[in-house]
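Visitor: If you want the building blocks of each chain, they are given just below.
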Amino acid sequence: MTIEDGGHDEVESLLGAYALDAVLPDERKRVDLHLEDCPRCRAELDAFLEVAAALGNSVDPVPHDLWDRIAGQLDLSTPGDATLIEIREKARNQLAGSDGRRSVASSRAARWRRAAMIGVTSAAAVALALVSLSLSNADDRVNQLQALTAARGASAGAQAVLASSNHKLVQLTNSSGAQLATIVLSSSGTGYLLASHLRTLPATKTYQLWAKVNARPISLGLLGTQPTRDAAFSIAGSAHPSSLMVTVEPAGGVTEPNGPLVAVGPVLT
Amino acid sequence: MEEEQASALSDAQLVVAIGRFREDALAEVYRRHGGAIYGLARRVTGDSSEAEDVVQEVILRLWSRPDAFDPARGSLRSFLLAQSHGRAVDAVRSRAARQRREGREVPVETGYDIEHQVWDLVLADQVTKAISTLPEEERAPIELAYFGGHTYREVAVLLSQPEGTVKSRIRNGLRKMRGVLTESGVTA
Numbered sequence: 004m005t006i007e008d009g010g011h012d013e014v015e016s017l018l019g020a021y022a023l024d025a026v027l028p029d030e031r032k033r034v035d036l037h038l039e040d041c042p043r044c045r046a047e048l049d050a051f052l053e054v055a056a057a058l059g060n061s062v063d064p065v066p067h068d069l070w071d072r073i074a075g076q077l078d079l080s081t082p083g084d085a086t087l088i089e090i091r092e093k094a095r096n097q098l099a100g101s102d103g104r105r106s107v108a109s110s111r112a113a114r115w116r117r118a119a120m121i122g123v124t125s126a127a128a129v130a131l132a133l134v135s136l137s138l139s140n141a142d143d144r145v146n147q148l149q150a151l152t153a154a155r156g157a158s159a160g161a162q163a164v165l166a167s168s169n170h171k172l173v174q175l176t177n178s179s180g181a182q183l184a185t186i187v188l189s190s191s192g193t194g195y196l197l198a199s200h201l202r203t204l205p206a207t208k209t210y211q212l213w214a215k216v217n218a219r220p221i222s223l224g225l226l227g228t229q230p231t232r233d234a235a236f237s238i239a240g241s242a243h244p245s246s247l248m249v250t251v252e253p254a255g256g257v258t259e260p261n262g263p264l265v266a267v268g269p270v271l272t
Numbered sequence: 388m389e390e391e392q393a394s395a396l397s398d399a400q401l402v403v404a405i406g407r408f409r410e411d412a413l414a415e416v417y418r419r420h421g422g423a424i425y426g427l428a429r430r431v432t433g434d435s436s437e438a439e440d441v442v443q444e445v446i447l448r449l450w451s452r453p454d455a456f457d458p459a460r461g462s463l464r465s466f467l468l469a470q471s472h473g474r475a476v477d478a479v480r481s482r483a484a485r486q487r488r489e490g491r492e493v494p495v496e497t498g499y500d501i502e503h504q505v506w507d508l509v510l511a512d513q514v515t516k517a518i519s520t521l522p523e524e525e526r527a528p529i530e531l532a533y534f535g536g537h538t539y540r541e542v543a544v545l546l547s548q549p550e551g552t553v554k555s556r557i558r559n560g561l562r563k564m565r566g567v568l569t570e571s572g573v574t575a
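Chains A and B are the protein sequences, given in the same order.
One rule links them: number in my numbering = place in the first sequence (from 1) + 3.
One rule links them: number in my numbering = place in the second sequence (from 1) + 387.
For reference, chain A alone in the conformation it holds in the complex (with noise of 0.2 Å):
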């Protein structure tokens, strides 16, 4: 095995010079492609990332304005896309306006805190509860700002029905939980995907793209050997479907999903 053929020895010894950003482009992106499927080699290299930051971890004073320039850029870093901005403002409003899961997390919360005060449980449990309630209350709020990122350049169609109030965003990851194709949905059925991470095939494939429909898979249409954003779909309005999935299937497609899952995502209700 070479590091041409994604080879584990070869990117393994790869991983020091990775983590010190040392090795040449073209080996970080075979090293990226061989890290989405070996847990081993990323758990190694997430423990030289932890080594190299310390090494690198010396605070210098910074220049006084440098946060005014930052902040002066958060909103104008789409110069000139007036929708981008428009949708982001949208987004915030909704924010603003917010939801009842916040109020049920915050009472969650605070039956944790209470918990917390009479020593059921150790502090500790208490913030990582904490953490990971504010996270998955937060999740559609960071789909959102996903969207609004992959939103840039995407066509009308897709920028509409991200515009519209009852559109959902389904993030496709693999079994290892990376991210790999962002789609939208409106309610009427309509879909686009907005962004992709997934490899190119060889000629002799395509990735197939699925609906599942009371437990059953529905074809929604063949993505290509190389999805690009904009792809569009549709499915009827009426199917709500409980999640979307990508699988490989020979070029032309097939009837009924045969070959493997690559990316599958829940469609949140």
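Calculated directly from the structure, the hints in this document are not laboratory data.
Keep in mind that a hint or two might mislead.
Claimed, not checked - Covered stretches of chain B, going by a simulated chain A footprint (3 or more residues, C-beta under 8 Å):
#, region
1, 419 to 426
2, 442 to 451
3, 543 to 550
Unchecked claim - Across the chosen pairs, the derived CB separations fall in these ranges:
#, chain 1, residue 1, chain 2, residue 2, range
4, A, 237, B, 570, 55 to 65 Å
5, B, 570, A, 11, 46 to 56 Å
6, B, 435, A, 261, 50 to 60 Å
7, B, 419, A, 218, 44 to 54 Å
8, A, 243, B, 435, 39 to 49 Å
9, A, 243, B, 436, 30 to 40 Å
Stated by the list, open to error - Below, a sample of chain A positions facing chain B; criterion: calculated Cβ distance under 10 Å:
#, residue
10, 15
11, 17
12, 24
13, 47
14, 51
15, 55
16, 64
17, 76
18, 183
19, 204
The C-beta atom is built at its ideal place from N, Cα and C for all residues, glycine as well.
Place chain B on chain A using the hints.
Guide: Frame of chain A, contents of chain B only:
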């Protein structure tokens, strides 16, 4: 619920708050870690203005992609320093490429006096201890790559060693440092 003061939040909670568009959370991340991001970028680029650009890029990226930080994979400080290092190295390499294109002389490494700089740079006793436990042949390539912004292939040329040897010495050195740092509680 009243929003908690950003200064009272943990790093992981700050990142969640950034996902909710809270600029005060981003400001707090900058307050806690901006100096470290800047310090490393300045050390690698040797240029204050390039280092400021690196800080801006790293902080703005956290604002637009807070989901890129995975608390399960390490601390926020480590994540931000890795980003800072990557961008600083990019800046150094594109500067060198520009100078080559323009036919200018690329400054040659004068041996490496980095050893002394490392001692100034690294504040934590444990980290200096971890580096000092390494034999010279492992310490040198790590310092040249990390602080000098060199690829392992360039390090091999600088040290007149085979590339494979440099790769494995970097890896072995990092492993040993990891062991020492874990023992002293610096890394988990």
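Visitor: Would you mind marking each hint as holding or not holding in the structure?
Guide: Right, here's what the structure says about each hint:
1. 419 to 426: holds (count 5)
2. 442 to 451: holds (count 6)
3. 543 to 550: Not satisfied, violated; 0 residues make the cut.
4. A:237 to B:570: 55 to 65 Å: 58 Å, holds
5. B:570 to A:11: 46 to 56 Å: Since the Cβ atoms of residue 570 (chain B) and residue 11 (chain A) sit about 28 Å apart, the hinted range of 46 to 56 Å is violated.
6. B:435 to A:261: 50 to 60 Å: 59 Å, holds
7. B:419 to A:218: 44 to 54 Å: Between residue 419 (chain B) and residue 218 (chain A), where Cβ atoms are some 47 Å apart, the hint holds.
8. A:243 to B:435: 39 to 49 Å: 56 Å, violated
9. A:243 to B:436: 30 to 40 Å: 55 Å, violated
10. 15: Hint on residue 15 (chain A): holds, closest Cβ of chain B at ~8 Å, below 10 Å.
11. 17: 6 Å, holds
12. 24: Cβ of residue 24 (chain A) sits 4 Å from chain B, so the hint holds.
13. 47: 9 Å, holds
14. 51: 5 Å, holds
15. 55: Holds, about 6 Å.
16. 64: 6 Å, holds
17. 76: Holds, about 6 Å.
18. 183: Where the cut-off is 10 Å and the nearest Cβ of chain B is about 14 Å from residue 183 (chain A), the hint is violated.
19. 204: 26 Å, violated
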